[in-house]
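Chains as they are written, first to last, in the numbering used here: chain A, 616 to 693; chain B, 117 to 366; chain C, 331 to 689.
A portion of the hints provided could be inaccurate.
[Stated by the list, open to error] Only pairs whose alpha carbons sit at most 16 Å apart, straight line, appear in this in silico EDC-like list of lysine to aspartate or glutamate: (1) Lys269(B) to Glu689(A); (2) Lys491(C) to Glu551(C); (3) Lys533(C) to Asp366(B); (4) Lys675(C) to Asp578(C); (5) Lys313(B) to Asp276(B); (6) Lys126(B) to Asp578(C); (7) Lys120(B) to Asp638(A); (8) Lys129(B) to Asp159(B); (9) Lys606(C) to Glu562(C); (10) Lys313(B) to Asp366(B); (11) Lys120(B) to Glu693(A); (12) Lys119(B) to Glu689(A); (13) Lys643(A) to Glu660(A); (14) Lys130(B) to Asp626(A); (15) Lys606(C) to Asp534(C); (16) Lys533(C) to Glu153(B); (17) Lys533(C) to Asp159(B); (18) Lys299(B) to Glu660(A); (19) Lys675(C) to Glu562(C); (20) Lys119(B) to Glu693(A); (21) Lys120(B) to Asp156(B); (22) Lys130(B) to Glu693(A); (23) Lys533(C) to Asp156(B); (24) Lys126(B) to Glu689(A); (25) Lys359(B) to Asp271(B).
[As the list claims (entries may be wrong)] Covered stretches of chain C (chain B as the covering partner; in silico rule of three or more C-beta atoms under 8 Å from a C-beta of chain B): (26) 378-385; (27) 524-538.
By construction, these hints were calculated from the structure, which means they are not laboratory data. Just so it is clear, CB atoms sit at the ideal spot from N, CA and C, and this is done for glycine as well.
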Amino acid sequence: MAKKSGFIVIDRKLCKGCYLCIDACPSKLIIISDELNQMGYYPAEFTEGDSEIGNRTCNGCATCALVCPDIAIEVYRE
Amino acid sequence: MAKKVFQRPKYLKKAAFHYCPGCGHSILHRLVAEVLEELDIGDRTIGVPPAGCAVLAYHYFDVDMGEAPHGRGAAVATGLKRALPDRIVFSYQGDGDIAAIGTAETIHAANRGENVTVIFVNNGCYGMTGGQMAPTTLVGQNSTTTPGGRDVKRDAFPIDLSEMLAIARGSVYIERTAINSPKNIRKTKRALTKAFKTQMAGLGFSLVEVLSPCPVNWKMTPIEAARWIDDTMTKTFPLKVIKDEVGKLD
Amino acid sequence: MSKKVLMRGSQAIGEAAVRAGCRFYAGYPITPQNELTEYMAESMDGLDDGTFVQAESEIAAVNMVIGASMTGTRAMTSSSSPGISLKQEGISYLAAQELPAVIVNTMRGGPGLGNIAPSQSDYFQATRGGGHGDYRTIVLAPASGQELADLTRTAFEYADKYRTPVLILGDGMMGQMMEPVVFPEPIDVHTLPPKSWILDGAKDRPSRIILSLLLNPPEQEDLNWRLARKYEIITREIPTGESYMTSDARMIVIASGTAARIAKGAVKRVRELGLKVGLFRPITLWPFPNIPLRELSRQAREFLVFEMNMGQMVDDVKLALEGRGNVHFYGRPGGIISTPDEIAKSINSIYHRQHLEED
């Protein structure tokens, strides 16, 4: 049974660096970026940016987006 | 081909939230908008924002919204709903708005069984004005007007308005939830859905109290604030169904 | 046109409101205007589309009116002096949000808890705006049962036309008096012009916001200027007053409402004695009828303002006259009702003191 595969897109402009998504992600796939965004926050960053299907362990559960106050995360599932 | 499974709901305008990082309002606005969309009632909904951080809620909710003076949300909602009984009317109020200056209006709207939905956002302080003591500030909790912590003798105990409203005959569904964790966020959405369905069925006064993190005024990080709700706030304000006379609704 | 009915003043307001299309009333018990609240309780119930709410407070009542008015419904609340104090916040919001509403104040003795006797001591509160911010409310001062009815309809029309709260200032005596009244035919509310700004659910249209929070100063300034322009238009279009025996008068008595009825009696009495005195009765207290008053100052140089208070309208008379003539004041506060004889004595005394009997 193939595991569901997914990915997220974080809008750096909207992220306020609350890191609730980092706390919430069951697979710990989100980290703190080391580049400031325009608002002066270090936004959250999705670690699986590349598109090679075999590497992804995000399953698109959308827990990160559920807790994100700023609707900065879009979630995609295969 | 990847399918988008999470996006901004329809009844939220494209504006970026002005709320603080980790503020509960942002999450709660999104949940309300999702519920309005899922129940397909957005285009006949009228909302009443509070005075408080969410005073600008009308910049976010893409439904008709009418501002009320501080605390008077339940009275303005009464006027709206009595004038247009087939519309969905909700008021969205903070703890100071609803349980200090608005206590009389809220209790009486509940007592009359006004067929409106009240969303009570409990963050244990007056957020917008800088973190003063509120009716729901915990004993011992610091605030700018209780510098050593809330003192029972000088400042009284916090008020549990939701329990008080349960006594009112006209209130039919009251639940307290929180939005500090994925599990609680999902529960809050279910409670909001039930509250709006209560109104749609014409059953009476519904209220959802939502414990909401206020990281800046609590002087915590967003994650610490979320934990504090579970560890401390729920001891005074337990998460539970306070009153349910509506049962299961379709 | 309907036939004449004998009706208590407060009830005449209620009947007129219903016929003017009022379909929402929220009120709270307070003497001496309970007859109006009770009349609305019965009449709103008798309509399919009417709503009556006895609110838990005067504050709640005016806020319910805010909500109902937002939907485009003709809405009214009423109280007496101390209760009107409680409504000031709501009135400020109605003015800022440009919401139509009618507020009836049956004035009683004050300040504080005061008494339940008739008075005119809320003139400042009504015309200077007891609530905060830069706004005015239209203020109408009826002086008879018929006028209570007529001006109630006018109040709803002005409220809708100008999108502003309108105050009807009665007093305890007028509320209780029974006089014959002829009511016009009831309006069919469905024929009222639709309002483009109401909140009723954003179906097939963009969502609307009714607010008064304008954090950005230029936006707040814009609103203030918009309101000022509106008030300017109102000031040009609606000031009303009534003149009685003024054409050859050398002295004019100025009074409104119940005081004007007493003053009219006094003017009749002194006319029998040969004194050339007339009465000018402002009907709109805001906007004050400056122009007719200024006209009268061409021929008359003595003005006696009679009020059932410590002197409030007298300020507006002085402003209107802009220094012309001499303004005198006679006031009885506290709910004491003067007799025409008493006023006649005062008129007589001033008339002779100022040598008006000489040509």
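Tested hints:
no.: 1; hint: Lys269(B) to Glu689(A); result: violated, 49 Å
no.: 2; hint: Lys491(C) to Glu551(C); result: violated, 23 Å
no.: 3; hint: Lys533(C) to Asp366(B); result: violated, 24 Å
no.: 4; hint: Lys675(C) to Asp578(C); result: violated, 20 Å
no.: 5; hint: Lys313(B) to Asp276(B); result: violated, 24 Å
no.: 6; hint: Lys126(B) to Asp578(C); result: violated, 72 Å
no.: 7; hint: Lys120(B) to Asp638(A); result: violated, 22 Å
no.: 8; hint: Lys129(B) to Asp159(B); result: holds, 14 Å
no.: 9; hint: Lys606(C) to Glu562(C); result: violated, 35 Å
no.: 10; hint: Lys313(B) to Asp366(B); result: holds, 8 Å
no.: 11; hint: Lys120(B) to Glu693(A); result: holds, 9 Å
no.: 12; hint: Lys119(B) to Glu689(A); result: holds, 10 Å
no.: 13; hint: Lys643(A) to Glu660(A); result: holds, 11 Å
no.: 14; hint: Lys130(B) to Asp626(A); result: holds, 13 Å
no.: 15; hint: Lys606(C) to Asp534(C); result: violated, 66 Å
no.: 16; hint: Lys533(C) to Glu153(B); result: holds, 13 Å
no.: 17; hint: Lys533(C) to Asp159(B); result: holds, 5 Å
no.: 18; hint: Lys299(B) to Glu660(A); result: violated, 23 Å
no.: 19; hint: Lys675(C) to Glu562(C); result: violated, 39 Å
no.: 20; hint: Lys119(B) to Glu693(A); result: holds, 6 Å
no.: 21; hint: Lys120(B) to Asp156(B); result: violated, 21 Å
no.: 22; hint: Lys130(B) to Glu693(A); result: violated, 26 Å
no.: 23; hint: Lys533(C) to Asp156(B); result: holds, 11 Å
no.: 24; hint: Lys126(B) to Glu689(A); result: holds, 14 Å
no.: 25; hint: Lys359(B) to Asp271(B); result: violated, 28 Å
no.: 26; hint: 378-385; result: holds (count 3)
no.: 27; hint: 524-538; result: holds (count 8)
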